[in-house]
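Protein chains: 2
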Amino acid sequence: MEARMTGRDGGADIGPIGNSPVVILVRPQMAENIGTTARAMANGGLFHMRIVAPRDGWPQERAWRAASGADRILDAAEVFETVDDAIADLHHVYATCPRPRHIVKPLLTARGGAIELREATSRGLKVGLMFGPERAGLDNEDMARADALIRYPLNPAFMSLNLAQAVMIMAYEWWLTEDNTPPRELMTNGTHVATKGELENFMGHLIRELDDCGFLRNEQKRPGMVRNMRHFFTRGEVTEQELRTLHGVVTELVNRRRVR
Amino acid sequence: MEARMTGRDGGADIGPIGNSPVVILVRPQMAENIGTTARAMANGGLFHMRIVAPRDGWPQERAWRAASGADRILDAAEVFETVDDAIADLHHVYATCPRPRHIVKPLLTARGGAIELREATSRGLKVGLMFGPERAGLDNEDMARADALIRYPLNPAFMSLNLAQAVMIMAYEWWLTEDNTPPRELMTNGTHVATKGELENFMGHLIRELDDCGFLRNEQKRPGMVRNMRHFFTRGEVTEQELRTLHGVVTELVNRRRVR
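Chains S and F are the protein sequences, given in the same order. Residues in the first sequence are numbered from 0 upward in steps of one, following numbering that gives the first Met the number 0. Residues in the second sequence are numbered from 0 upward in steps of one, following numbering that gives the first Met the number 0.
Derived from the structure by calculation, the hints contain no laboratory data. We put the CB at the ideal spot given by N, CA and C, even for glycine. Among these hints, one or two may not hold up.
Quick list of simulated restraints, FRET-style, between CB atoms [to be verified]:
1. F:G189 with S:A135: 22 to 30 Å
2. S:D84 with F:E60: 39 to 47 Å
3. F:A156 with S:D210: 30 to 38 Å
4. F:P152 with S:V225: 22 to 30 Å
5. F:G17 with S:E208: 45 to 53 Å
6. F:R134 with S:G223: 45 to 53 Å
7. S:G189 with F:G17: 40 to 48 Å
8. S:A135 with F:N200: 14 to 22 Å
9. F:V78 with S:K125: 47 to 55 Å
10. F:H204 with S:T81: 33 to 41 Å
11. S:R122 with F:G203: 27 to 35 Å
12. F:R134 with S:P182: 39 to 47 Å
13. S:P58 with F:E184: 19 to 27 Å
14. F:I102 with S:D210: 30 to 38 Å
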């Protein structure tokens with residue numbers, strides 16, 4: 000049984016905590032941003048928040064109001080006076096850094112960073128992700144304490160990123176490191192993708208009726224027209240249920256014609 | 000010369016527009032969210048916004064205030080009464096859909112969707128991405144008009160996603176489809192990674208001084224101690240500049256000892 004995230008008030012949990020990276024907000028300014036950051040963390044399965052020297056003190060009711068239910072993360076957030084205190088028990092710390100810096104440091108993409116954090120975590124190491132204050136970002140002293148910097152590949156002509164957005168991207172990438180969802184699948188919802196036999200059964204029905212009504216009367220064009228319809232009906236997957244509907248459509252159109 | 004995003008007021012541009020996907024906000028409720036969405040779009044290089052039946056009408060000053068400089072996207076936003084009107088000139092439309100639906104439809108991840116949108120765009124097709132209203136999301140009629148649904152892999156125990164956050168993830172994935180940043184690199188900032196010769200030169204200096212001061216006097220342990228130091232100095236990349244600093248550190252420590 001994994002530990003799960005539950006709060007002081009015993010509300011619904013928001014998932015298994017595990018050994019996920021600690022999100023360290025360094026000198027954050029707006030309590031709302033701390034709340035929306037908690038929400039983004041919950042979205043991506045990051046449950047541990049540490050706050051270094053929040054400008055307006057802590058706790059702040061406005062943070063909880065902005066968290067949209069990610070209260071448990073705020074309830075459990077730890078406050079520190081300095082970055083050194085906040086990272087003392089961590090083995091690796093990565094710092095997000097939107098702007099280029101003139102320092103010698105490994106520089107990772109968000110994805111590269113998330114993968115390395117996952118690897119370190121699976122070795123049993125405690126890792127942290129530092130985010131700077133809203134306007135200025137992390138300062139040079141903060142960054143000298145980080146093992147590596149993370150810079151997101153984003154539009155260089157518009158890099159202004161909200162704190163919660165910045166955390167969202169790392170939370171999302173963190174979640175993806177253990178996700179195996181196929182990039183494309185067909186939801187078939189109780190029916191199934193038609194077999195070639197089921198499709199051919201429908202094509203036979205359609206072609207018989209089109210022969211019957213005279214649509215395919217030009218003998219020279221007939222093979223090409225039939226082939227083109229086959230191309231259309233094989234372009235995307237069709238379900239058995241949809242074929243039954245199409246059988247009905249053909250039948251009803253024919254009946255209406257016969258009645259007329 | 001590519002077309003660039005410039006606004007009515009002729010301010011600074013925020014990048015080349017290109018044939019990027021149209022973001023279609025369907026019945027959005029809060030003008031602030033339209034503004035923060037524009038900001039997220041600019042971050043990821045999505046420049047075309049369409050708004051279907053905004054609850055509070057359009058334009059709304061609050062949207063511009065929340066856009067943090069992504070005004071050009073709001074200035075150029077087009078408003079439509081219906082989804083059909085908003086998508087009439089598009090070739091492919093994908094709908095984001097946080098919750099499972101009982102429909103037969105291709106289902107993509109954010110990454111899978113971004114890659115397909117990029118492929119379609121590079122074939123010259125106009126594509127769109129639909130996002131539903133803040134609380135309810137897209138309805139069944141909206142989704143019946145989409146070629147595919149996109150659902151983000153995120154913490155199923157906490158799926159509550161702000162509109163701008165949802166757009167941010169697609170904008171980020173869109174940007175990544177053309178990004179080639181290496182996942183890890185070393186910023187060396189004017190210096191260079193030390194060659195093995197430069198490193199060995201330093202190791203020689205260090206070992207000579209350690210021999211001199213007696214630290215390596217145990218002949219039996221000496222080879223292992225030297226090897227361990229080599230392991231340490233080869234674990235991460237070291238720059239030529241850092242080696243010069245380390246030479247200085249060794250020299251100064253030795254001088255201090257000699258003075259004493």
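Original post:
Quick check: which numbered hints come out false for this structure?
Top reply: Those not satisfied are hints 3, 4, 8, 12 and 13.
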